[in-house]
Amino acid sequence: MPHIRFFAVAAVTAGVVSLPAVVVPQTALAAKFGARTLATGMSGGDVKTAQILLRRAGDATLTADGEFGPATRRAVQRFESTAGLPANGRLETTEAPMLRTAAATAVAQRRSAMTASGDTVPADDPLSGAGGASPTATTPAPAVEVPGAKAVLNADGTATAPASAPPEVKAIIASGNEIASKPYRYGGGHGRWIDSGYDCSGSVSYALHGAGLLDQSMPSGSFTTWGESGDGTWVTIYAKGSHMYMVVAGLRFDTSGARPSRWQKDMRSSSGYTIRHPEGL
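Numbering-wise, the sequence shown is residues -30 to -1, 1 to 251 according to mature numbering (1 follows the signal peptide of the UniProt record, and there is no 0).
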């Protein structure tokens, strides 16, 4: 897995280091989305995440630049109004999970509509939340949902989401389909979302990000403390320092095992893995 960069922090007096260096993960320097109320004048990674989710929820012209300005305030007001909330333009901590769900629902609905029309989904849609040039490649839209609570593995290596799954789960499956048959590449999917190949954690990160559940890609070891402990109802993540995979609605999403798709029916031993799941799933 790719190494995480660290910053060394130390107290310096008169040019002499007086305390041993403390290693701080770079990812810890950004505020986590949903941890604070967001309002005009604020900035940071959590603001950018909110902007990306607002784009997915329907404000396609909003720029995700990490700065909470008038345009972001208006987008928040539109989201709040649609959700039946007081439209004050402040994204409260209690509204963050509602925005995630709204974004995932919009993604699932858009892709279902494109499937029905026989259209294709751009490879960066909706993951290019910040806007910008789109890759030229396209990915077939996922099949129509199937009855029940279990996903179905299709002959082309994609998965079909169950109709009863929450919108976040449908979005995970749709995003996973986009890279299901992409080559394995060590370090792939870390540093940028659209890549020529993906490693194990880059693959899982991509799928979770597509559902608005992850702000940036993480290495395998970081998933051992991510989310909540134990099996999930819909999504279960198995992680250790050297590898990780997940099971979504009964299908395994893993860079090892079956080829050429990451989606596979067969399970594997979870011995040695830490078991986690996304909150609420």
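Honestly, I wouldn't trust all of these hints.
Here are the simulated lysine to any residue pairs, SDA-like style, with alpha carbons at most 20 Å apart [claimed, not checked]:
1) 235 / 211
2) 210 / 196
3) 120 / 64
4) 120 / 237
5) 235 / 151
6) 2 / 198
7) 210 / 242
8) 120 / 201
9) 210 / 226
10) 235 / 201
11) 235 / 161
12) 120 / 31
13) 2 / 194
14) 235 / 249
15) 210 / 197
16) 2 / 120
17) 2 / 63
18) 2 / 13
19) 2 / 249
20) 210 / 243
21) 120 / 220
22) 120 / 206
23) 210 / 186
24) 2 / 133
25) 2 / 195
26) 210 / 237
27) 120 / 79
28) 120 / 5
29) 2 / 36
30) 120 / 133
31) 120 / 132
32) 2 / 162
33) 210 / 194
34) 235 / 79
35) 2 / 52
36) 2 / 199
37) 210 / 230
38) 210 / 200
39) 2 / 31
40) 235 / 191
Derived by calculation from the structure, the hints in this document are not laboratory data.
- Structure versus earlier hints - violations, ascending order: 1, 3, 11, 12, 14, 16, 24, 28, 34, 35, 37, 39, 40
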